[in-house]
Amino acid sequence: MGLRRGHRARPGEWIIEKLIQAVGLSTIGLMVLILVFVGREALPVLMGRINTALVQPILPSKEIDSIPRDDLRSYLELSRSQFEGMDREMLMAMMEAREEGFRDIPESFRADPDSTVNTADWRQLLLPRQWTGYTRPEFVWQPVGTIHKYNLVPLLVGSLKVTLVGLLFAVPLSLGAALYVSQLAPVRVREWVKPTIELLAGIPSVVLGVFCLLVLSGLLQSLFGYQFRLNALVAGIGLGLTAVPLIFTIAEDSFTGVPRGYVQASLALGASPWQAAWQVVLPSAMPGVVAAMILGFGRCLGETMVVLMASGNASMLSWSLFDSTRSMTATIAAEMAEAVSGGGHYRMLFLLGTLLFAISFVTHLIGGRIVRRLRRRLGGVA
Amino acid sequence: MARLLPCRHTTGRGLQPALSEFKGIVIGFVRVLCLWGWMGLVGRVLAGEITVKGSDTLVVLAQRWAETYMAGHPGTRIQVTGGGTGTGFAALQNQTTDICTASRRLKARELETCIRTFRKRPAEHAVAMDGLSVYVNPSNPIRELSLEDLREVFTGRITNWKDLGGPDAPITLYSRESSSGTYEFFKERVLSGRDFAPTMQTLQGTAQVIQAVGQDRLGIGYGGAAYGSGAKTLGIARTRGGMAVEPNEKTVHSGEYPVSRYLYCYVNPSTDRPEIANFLGWIRGPEGQSLVRDVGYYPLPVRRD
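Chains as they are written, first to last, in our numbering: chain Z, 109 to 490; chain R, 450 to 754.
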């Protein structure tokens, strides 16, 4: 009770506590807002309400007076209030714009069977299709042009490919470094190595991107002699570099958090420092290590600048590390500026954003489960 | 992270000065915000500010225009930003820019949105011409290609230089990002609307394309005329076996060079002010057009009517 009374006597503390609480809760609010905003733009695609076929029925502007008003409104995709605020002249101008758009379609495309396909349909988004001019069914992401092709598969594969390369590069490196620094290194070395690695986190990803683009790409090409100078390997290593400090810091924390007694006990039983680190510290710090890897995965998946600069951005579907690749994040960054807002391409980019969110959400969910299970097993409950 | 912050056991009293400091910061922050907003407002209201936004292809030229124009007209302030043609149109629609520079014409969809927001069509002004150049590495023996060859190469049907009379080696394709007007124009004019090969790498900006082609012995890329140094520019023939034409002012004006286009400025008709009309008139006049040549594009053909 005495504590409580003290609390009331200090209004300053109370205010600060409430402020901190508000800040904490506002992050959740922000998260929800972001999700709602991104999801709202992508929703029409998910509900199948978007039709991006090239050739669509045209109502002639000459017959404007004989068209029922509701038909006209839905034809021009106007909301009720927008429609009310428009006079005949404006509606006429909009109908003429529609007709002009139709006239601009090249003759060769009007007869093309592709031109009546709704390219925002889920089948075109996920399955291969043999478009005119192709020799076999293919996954095509070419959102700009006469017929907009929005197949998401090359981008999904591209994102996962560079992320995996990034993790393959970063995880062994940073776990090794963390184990060394926390268990094996002499104090003097530790005091140098730890801040240096953590300093890596301060390098902006643009700088890493330039480094990959100008230095690393040429070096690796002369080493391996492949055709594409910018490819998944270069971008993946760049991504790895951004993830190393993150994984290192968390892993090192969890290694240090292992009770000293474990190590001392194993040393007393005759284990070498290496055996103690590898067979005692690493397994008992496993929950932290898994958490570090999941955060690293999220970092790699979400990183944009490095991939944009170093991956070559070719939207080809291939699992080869030496092929140029296009990730979802780079696609959003590169194409958002030009997408007609509210159009099919614009919504597709938001769909990509939602997908990125979904992937990292599921990964965190699974990761959380693994961490909990590991903890339970280490606690001896299992 | 927690270990970076030393754990201090603070008593309640110790927090009082911290609180007042916090209040001070908040009040100061609010004041700065107010001042900032106010300054922005006054800045816009004071006559003579023109904002220009849009195409990255045109951003250097627009900056040169703005600098020279401001030097001669001290009452006018012009702000130029890039971001892409689509960004410019979006800004024109929400009325956050006065002039939108564009490397392509307004699309039907964008035209509709414009009519919806400002009740009229935006006014279109051609301001310069551009000949799209095709670049290869300087060590490449090939000097010219036909439009048909280019189509086959960029759609991925020809993948080896030996089919074009070069060495037996694969072709690496470089392109601008799909958000650029240049990409779209090339796709429409050279590929007749067909898809680019999926192996084509897309880079940010023409300067990067040229840098990549300059480094890659087997590379081929395209971009605006203004950046054409550091890699070899190819001559282009309309048909196979036809006469190849280098891009220059004469061939672009006469239409002999097959891949040339106009560059545009769009203006919102309802916010049109005399300053904007003067600026656009100056751009299209002799002074503005001579700057076009300095930057490396081609001036508008002189009308003979």
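The hints are simulated quantities; they were obtained by calculation from the structure and are not laboratory data.
Check before you lean on any hint, since a few could be wrong.
[Claimed, not checked] Computed list of lysine-lysine pairs in DSS-like fashion (alpha-carbon distance at most 25 Å, straight line):
| id | chain 1 | residue 1 | chain 2 | residue 2 |
| --- | --- | --- | --- | --- |
| 1 | R | K611 | Z | K170 |
| 2 | R | K699 | R | K681 |
| 3 | Z | K170 | R | K556 |
| 4 | R | K556 | R | K569 |
| 5 | R | K611 | R | K556 |
How the hints compare with the structure:
1. R:K611 - Z:K170: 56 Å, violated
2. R:K699 - R:K681: Status holds; Cα separation ~20 Å.
3. Z:K170 - R:K556: 22 Å, holds
4. R:K556 - R:K569: 15 Å, holds
5. R:K611 - R:K556: 39 Å, violated
Checked against the numbered hints listed earlier, the structure breaks hints 1 and 5; every other hint is satisfied.
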